Amino acid sequence: MKNLVENYYDLLGVAHTASTDEIKVAENALLKIYEARSKKGDALATQILQKLNEADATLTDPARRAAYDRKASAIAAGFADVAYSPQIDKYEKVRAVTEWFEGGDPVRAATLLDGKLPVDLLAYDRLLDEGN
Amino acid sequence: VKIQLDQTALQRRSIALLDVTDKDPRAAAERIAASEAHLRLVVTGAAGGKNRALLHRARNLDPYRAATYFLLALDLQRAGSLTAAIEHYDQAVALAPRDLRLRFHRGYALLEQARRTQSADVADAARDDFELVVGTQPKNTAAAFGALESALLGKTKRLRETLAALLARLPPQKDWLAPMTRVLYQIIFWFGVGKAKNIDQSNKKTMGEIVDCARAWLGAFPGDADLGGVIAAATAKCNTPEELCERIAAYAKDIPDVRVLRLLLRERLAEVEDPTKRLQLFEQAMSRIPPLDGIAQDYLQLVHLKAKRALAEGDLLGARAGWQTCLARDPDNPGAVENLLRLAEHEGNTDEAAQLRTQLGELQLAYARMSPRADLMLGRVAARLQAEQEKAFDSTFETVTQQGSKPTVDQTDDLLDKLTRAAAVARLAADPAARKAIAAETIRRLIDPASEAMDLGDDALAVLNQPLPEEPPVAYAYFDAAKDTPDATLLEARERSMTRWTELEAEPSRSPEGRERVRLHRERAERVTASLFDPESRAAYDASTCGVELAEACRSYTSALLRLVHMGSAIKEDEDAARRVWLADKLAVLRTPAVIAYLPTTSDGEAGFRRGLAECAFDGLLKRGFDAMNNGRPEEAIDLIAAHVDRKPGYFHLHRLYVFSIMRDPRLPLDQAAPIAQQFAARAVESAESFDPAALIGEMQRIAGDRPDHMLQRAAVSRARHFLDKDKSAQALTALWSAYPGMGMTMQNVTPAASAWVNVKPTGRGLYAWTVARSLRDNSISWYNAQSPYTQYDVRTNQVTALKIGRSAERWAKLAQQEMPAETLGDEERGQLDEAMRGLLESLEKDRRTLSGL
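First to last, the sequence lines map onto chains L and D.
Count along the first sequence starting at 1, add 68, and that's the number in our numbering.
Count along the second sequence starting at 1, add 342, and that's the number in our numbering.
The set of hints was computed from the structure by calculation and includes no laboratory data.
The list that follows gives simulated cross-link-like pairs (lysine-lysine, DSS-like), each with its CA atoms no further than 30 Å apart: (1) Lys516/D - Lys161/L; (2) Lys108/L - Lys619/D; (3) Lys748/D - Lys139/L; (4) Lys619/D - Lys546/D; (5) Lys990/D - Lys965/D; (6) Lys619/D - Lys107/L; (7) Lys547/D - Lys595/D; (8) Lys1188/D - Lys1070/D.
Just so you know, these numbers come straight off a predicted model, no measurement behind them.
Build the full structure now, drawing on both the sequences and the hints.
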């Protein structure tokens, strides 16, 4: 086991695209297993528990995780993902739906950003004085 | 108000008014009018590309006009400078708080900002602006829709509480059908799922409101498939994972876009913690629906996750079974093959491992050429190669350190081959343009496990020399940070770097040149990275530079190359000089576009790279050359380095050695050696880097700029000193003779040699005079002590000769004292010389008294 599983994602049994929630869930499940084994005197289980802590500290911190994800030795030590199914958060879902459906951006269409500027803009302050 | 639209008249009027206000700043009315004239130019489109400048001038003339800030904000927003635009909208709103058009525009700018920054607070601020407009103009659909879109990105609780009211303000309208359908789907996916925090329970109410709205719109547009899809999706959202998988066939009929169905399945199954259970449910769902676009990927992912979980629990059989299932579903899946290969290797199953290895090699080649996600495959190969290279580097370093030795050319070359191959594959992974430009056969060779790195130099260079498709974000590299580093981490990185640079600048052991280099680097870093610490300009910088993967490939290649250059500069001195030069040339070729971009971000920069290469090539030669020259064999030094002094770029220390060696080379007459030395001194100055000590550079500058007669004397002094050190005063005097103005090149052949100088009038530069004086006394003493006079007459004659030489030496020493201030010398050297000159004069005086007394 020691030489086979060195990468944190493999240690947790999650994909490289796992969300923080998934990582936490997997970690909790594994902690239960290895804590039980460790209490029975399994030295390897104790080592794995230590590594699980390291994995948690690295993968739940976005900056440390990004650095780890680019570390050649970590990638090379990891098992390969067999499919490309990235996690998508709510903002990405909103963006994806925007791409799937037509209809443009009707709020922008109502602004002065894309067309000619109306000359009444110059009477702006006067209109304000009249109570708009 | 009748608005004047004659553009020429406007321009004339604006200039005239400006003239008035420039003459009298108190002419407020004129200023206001001039400001308005500028605005008119902008609004009527007469300003051409000068809108921004005109608006700034209008603002300076009349800073209290809301329209100016509004127009500036529009201009900035069009240019993508959202934060600056919002600041100007704020200013305009402060001046005209009741203006609805202004509020609407600021609302839209804030909405865009919320999308960009994913900030719920900004989204809620946008909503407030839209709400203000709707409050006064209830029929303003765009504002009501803007409020809904802002609410979608705002605080979830507020959205849930007000969703029904937001939707109710938007009665069915044909023009708004498509955007409304889109937003309804977005709201469905905005909310999460699961039992935690009672989300599923809250969703029932929210999804019910969406269904009611969709039904109302469906009443107006009966048969609209997408609205039907919204109702089905909102209903499905409230299902448990089991219910969703059970009813999936019905939803597949009602939801026209399979991507929506897939997303619903993914988010609902993600909450099932046990991968086995998740896989089971997914298989149930798959059995009930026709194959969906992308569903195979989700299936493989779930089987893979089950295998990984088994691996994590130590169940290797379970893991193997999982990846075999993946392979059964997708026989050409390289990930599954690679994982099975690892298991086979771990279990010592060599036959299976060999077969899988061959299969993996073939698949990698095919995927690298044909897969739409070739980047993933190449990225893994690159990581493996890079990890191997790093391991080899560490191992070499450790071996060398343990042995208290230095690296060899072969060791460095081997690491270099590995580095270039890994860097080339990493570049291919991160740069689609390079993949397209490079021949498939080249890529095949680079990633083929059977290829040896030493045979791939040209292939790797072909990749690394590809022009970068976009500018790399080099500013981040000053702080050793990646482009996607969060703001807070970037600030910490800057703090660390600044502290380090400040400490280095203050280090007393550092040379002045070294401190100056650090200061310049720190200042450059501050200048180049300033834009990273303003969100708006950082976003603009990020948008204008290449992606993080390519940037990191370039950055890590540059730093690995610099490590190797550093190793090259530490190669054993006794390694073959030609091989060292060959290695340096090989390293020099690796200054590819990525390295050119990133070198300035390193503390030593381009100059450090050049110096490293020069040290790699010539440090051994230099040591041997200086040893030879200092041990009286300048011709040997010349022979060692002559073949390299014409190389480009030049190397300061090599040229400097050549200058001193040629001045002392006995094979060359002094009048020929002096101009050559001057020529090479000039080349030394040209090739000097900021690393080279200022004193040595100054020395070369003085030699290069010397008058011809002074140069001749300098060269003579150099040769004479060398002879004096070896007690060869006669030869020293011969060398000095050839530099005396108008004397001819050959000294009279007399004994003692110094007597040839007795009637020579002292002249020349201080160092020359001093060296002549010293040589005369040395020669006189060694000659006098070597005599064995038989008669008193002989004794007296010798004394007279010695006295004459002594008087001559005294005259030269006095000239030296007089001329020495004109020589450029260091304080320490000058002090030593002054003391030596005083000592010589005292000795000459003592000699005179001794000789006269006898």
